[in-house]
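Colleague: Residue-level listing of the chains:
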Amino acid sequence: MSVIQARSLVKSYGDLNAVDGIDFDVAAGESFGLLGPNGAGKSTTMRMIGGTSLRTSGTLSVLGMDPETHGPEVRANLGVIPQQDNLDTELRVRDNLITYGRYFGLPRSYLQRRADDLLEFAQLTDKAGEKVDNLSGGMKRRLTIARGLINEPRILLLDEPTTGLDPQARHILWDRLFRLKEEGVTLVVTTHFMDEAEQLCDRLVVMDRGRIVAEGSPAQLIRQYCTREVLEVRFGSERNAAVVQQLGDVAERLEVLPDRILLYTDDGEAALERVTSLGLQPLTSLVRRSSLEDVFLRLTGRSLID
Amino acid sequence: MTVLSGLYAGNVRAVLERGFKVIGTQNWAILVSGFFEPVFYLLAMGFGLGGLVGQVTGPNGTPMTYVAFIAPALLATSAMNGAIYDSTWNVFFKMRFGRLYEAMLSTSLGPLDVAAGEIAMALFRGLLYACGFLGVMAVLGIATSWWALAMVPVALLIALGFAAVGMAVTSWFTSFQQMELINIVLLPMFMFSSTLFPIDVYPQAVQWFIQALPLWHGVELMRQLSIGAFGPMTAVHLAYFGVMSVLGVAFCTVRLRALFLR
Ligand SMILES: Nc1ncnc2c1ncn2[C@@H]1O[C@H](COP(=O)(O)OP(=O)(O)O)[C@@H](O)[C@H]1O
Ligand SMILES: [Mg+2]
Numbered sequence: 005m006s007v008i009q010a011r012s013l014v015k016s017y018g019d020l021n022a023v024d025g026i027d028f029d030v031a032a033g034e035s036f037g038l039l040g041p042n043g044a045g046k047s048t049t050m051r052m053i054g055g056t057s058l059r060t061s062g063t064l065s066v067l068g069m070d071p072e073t074h075g076p077e078v079r080a081n082l083g084v085i086p087q088q089d090n091l092d093t094e095l096r097v098r099d100n101l102i103t104y105g106r107y108f109g110l111p112r113s114y115l116q117r118r119a120d121d122l123l124e125f126a127q128l129t130d131k132a133g134e135k136v137d138n139l140s141g142g143m144k145r146r147l148t149i150a151r152g153l154i155n156e157p158r159i160l161l162l163d164e165p166t167t168g169l170d171p172q173a174r175h176i177l178w179d180r181l182f183r184l185k186e187e188g189v190t191l192v193v194t195t196h197f198m199d200e201a202e203q204l205c206d207r208l209v210v211m212d213r214g215r216i217v218a219e220g221s222p223a224q225l226i227r228q229y230c231t232r233e234v235l236e237v238r239f240g241s242e243r244n245a246a247v248v249q250q251l252g253d254v255a256e257r258l259e260v261l262p263d264r265i266l267l268y269t270d271d272g273e274a275a276l277e278r279v280t281s282l283g284l285q286p287l288t289s290l291v292r293r294s295s296l297e298d299v300f301l302r303l304t305g306r307s308l309i310d
Numbered sequence: 003m004t005v006l007s008g009l010y011a012g013n014v015r016a017v018l019e020r021g022f023k024v025i026g027t028q029n030w031a032i033l034v035s036g037f038f039e040p041v042f043y044l045l046a047m048g049f050g051l052g053g054l055v056g057q058v059t060g061p062n063g064t065p066m067t068y069v070a071f072i073a074p075a076l077l078a079t080s081a082m083n084g085a086i087y088d089s090t091w092n093v094f095f096k097m098r099f100g101r102l103y104e105a106m107l108s109t110s111l112g113p114l115d116v117a118a119g120e121i122a123m124a125l126f127r128g129l130l131y132a133c134g135f136l137g138v139m140a141v142l143g144i145a146t147s148w149w150a151l152a153m154v155p156v157a158l159l160i161a162l163g164f165a166a167v168g169m170a171v172t173s174w175f176t177s178f179q180q181m182e183l184i185n186i187v188l189l190p191m192f193m194f195s196s197t198l199f200p201i202d203v204y205p206q207a208v209q210w211f212i213q214a215l216p217l218w219h220g221v222e223l224m225r226q227l228s229i230g231a232f233g234p235m236t237a238v239h240l241a242y243f244g245v246m247s248v249l250g251v252a253f254c255t256v257r258l259r260a261l262f263l264r
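Chains as they are written, first to last, in the numbering used here: chain A, 5 to 310; chain B, 3 to 264.
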């Protein structure tokens with residue numbers, strides 16, 4: 005059963021189609037990802053799901069309702085974590101949770117307990133009386149997520165949950181999100197990090213310039229669009245272009261980036277031997293497994309992070 | 003209901019609770035400074051300039067001291083200023099930079115809950131200023147009729163009219179330059195609306211123009227209330243603000259989607 009259903013969804017700003025006719029379904033309990041570079045239309049899609057941005061055309065159903073005409077009812081079941089934290093800086097940490105809960109019309113006695121539980125969950129119990137501005141980036145992010153959980157949402161919308169966080173803070177956050185997933189919360193995650201998509205998403209769509217260019221589980225996408233392994237070789241920026249001609253038969257497919265050449269093959273070491281047997285000596289070489297980054301490069305001819 | 007569908011959740015109260023919580027914790031300095039501004043005007047102009055001017059003619063030909071003449075006008079102006087500030091600059095700023103509304107609107111609140119809550123907070127500020135200013139007038143002995151107490155609810159009515167129209171107008175503005183237009187309109191309106199001198203110093207055509215502006219009606223109404231001297235125009239003044247409030251609120255409701263949902 006799908007909890008979100010989008011059909012031919014379009015959002016235009018003037019001449020620009022920020023979202024340009026996308027279709028997708030999100031099943032209850034799954035962890036669904038929107039992967040794409042900056043400007044792909046991920047945040048715009050998220051805002052339309054929450055009913056805070058009005059679509060230009062197409063249909064959208066969230067928990068069986070149209071978020072545009074039933075905004076309050078739809079959002080009563082959503083937890084929204086926006087790309088940029090929008091905590092209430094005029095209120096203290098714990099009051100941020102309680103006041104936000106009041107916006108859902110929840111009773112104060114319930115919110116007192118719930119706020120304490122969520123502070124615990126977000127590992128912020130000792131910051132309860134702190135000013136929001138005094139929290140670190142990771143703490144603010146966790147508080148924003150805790151706030152999004154105040155109404156025990158059925159669907160959690162996470163817009164770039166870990167952008168701007170250091171590696172340790174990201175891992176703490178991922179751990180918290182796994183727990184929610186185990187509890188059966190449906191997660192919708194946007195990201196431009198392929199490792200995050202691989203970590204968090206059961207299934208994802210790859211977005212570019214407002215359109216969906218591929219869909220599947222991370223493993224499926226890699227299988228469908230890439231070889232098992234990638235050989236990365238560098239010859240120095242001037243020579244890269246020159247040697248490309250000679251590498252034609254070494255791998256199934258190659259991509260030339262400004263600083264390196266990517267050779268797609270099921271056996272990277274064997275490909276490296278073929279390169280050296282041609283008499284070419286790369287300055288550096290690296291064999292790795294294919295990732296969603298490679299899928300994106302294949303689909304769009306561009307890198308995910310510029 | 004189509005105009006309101008998805009816009010209202012019947013939970014204005016939560017927006018007010020948030021406003022009072024913030025006022026209660028940190029906003030006292032700002033709140034108090036807004037109160038003193040008209041008081042300083044009253045003292046400086048009323049007593050300073052008043053010494054030179056002497057007596058002026060008030061409603062129904064009643065002679066008044068200059069201080070008593072401008073005090074009700076300043077009350078009307080401060081109700082207007084408080085309401086305009088909250089409903090235009092504050093709304094604009096919170097919407098574009100503070101992102102408070104974005105957070106509120108990702109809950110089950112609708113834009114109408116948020117707008118009504120913000121207008122109500124503007125009125126609360128107006129209420130505080132009006133009561134405080136009336137207290138000052140009483141202490142100075144320039145509120146001479148029990149009718150002066152009615153200046154408080156009338157200040158709220160004036161504030162409502164300006165707040166609703168102000169918020170509706172803000173829905174069209176996207177830049178600071180456009181927002182400056184508000185000041186460009188308000189300052190001359192304050193200077194000319196018979197606030198600091200009687201309207202009959204102007205040629206007839208100018209008088210008609212001034213009489214079409216809302217502040218003039220507010221000022222005249224307050225002045226009549228301050229001494230309990232009414233006439234047929236009293237009803238016109240009241241009706242002006244009644245209509246302005248109803249139109250403003252209706253306008254605001256229609257513009258809410260544009261204001262909050264982009
Ligand atoms: N309010 C807006 N007004 C005009 N253009 C916008 C607005 N919001 C987003 N856009 C444009 O729409 C496109 C998609 O933006 P967004 O959904 O934020 O992308 P993403 O989240 O994938 O980075 C971008 O080109 C962006 O500049
Ligand atoms: Mg985004």
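There could be a bad hint or two in this list.
What the hints assert, rightly or not - Chain B residues, not near chain A, derived (Cβ > 10 Å throughout):
id, residue
1, Tyr10
2, Phe38
3, Asn62
4, Pro65
5, Asn83
6, Glu104
7, Ala122
8, Val154
9, Trp174
10, Gln180
11, Met193
12, Pro205
13, Gly230
14, Arg257
To be verified - Each computed DSSO-like pair below joins lysine-lysine, with the alpha-carbon atoms no more than 30 Å apart:
id, chain 1, residue 1, chain 2, residue 2
15, A, Lys144, A, Lys131
16, B, Lys23, A, Lys131
17, A, Lys185, A, Lys131
18, A, Lys131, B, Lys96
19, B, Lys23, B, Lys96
20, B, Lys96, A, Lys185
21, A, Lys185, A, Lys144
22, A, Lys144, B, Lys23
23, B, Lys23, A, Lys185
24, B, Lys96, A, Lys144
Said to hold, decoys possible - With the C-beta cut set under 8 Å, the calculated list includes, among others, these residues of chain A facing chain B:
id, residue
25, Gly54
26, Arg174
27, His175
28, Ile176
In short, the hints are calculated from the structure, not lab data. Since this is a predicted model, take the numbers as computed values, not measurements. Don't be surprised by glycine CBs; every beta carbon is placed ideally from N, CA and C.
Colleague: Against the structure, test the hints numbered earlier, and report the numbers of the ones violated in rising order.
Modeller: 1, 6, 20, 23, 26, 27 and 28
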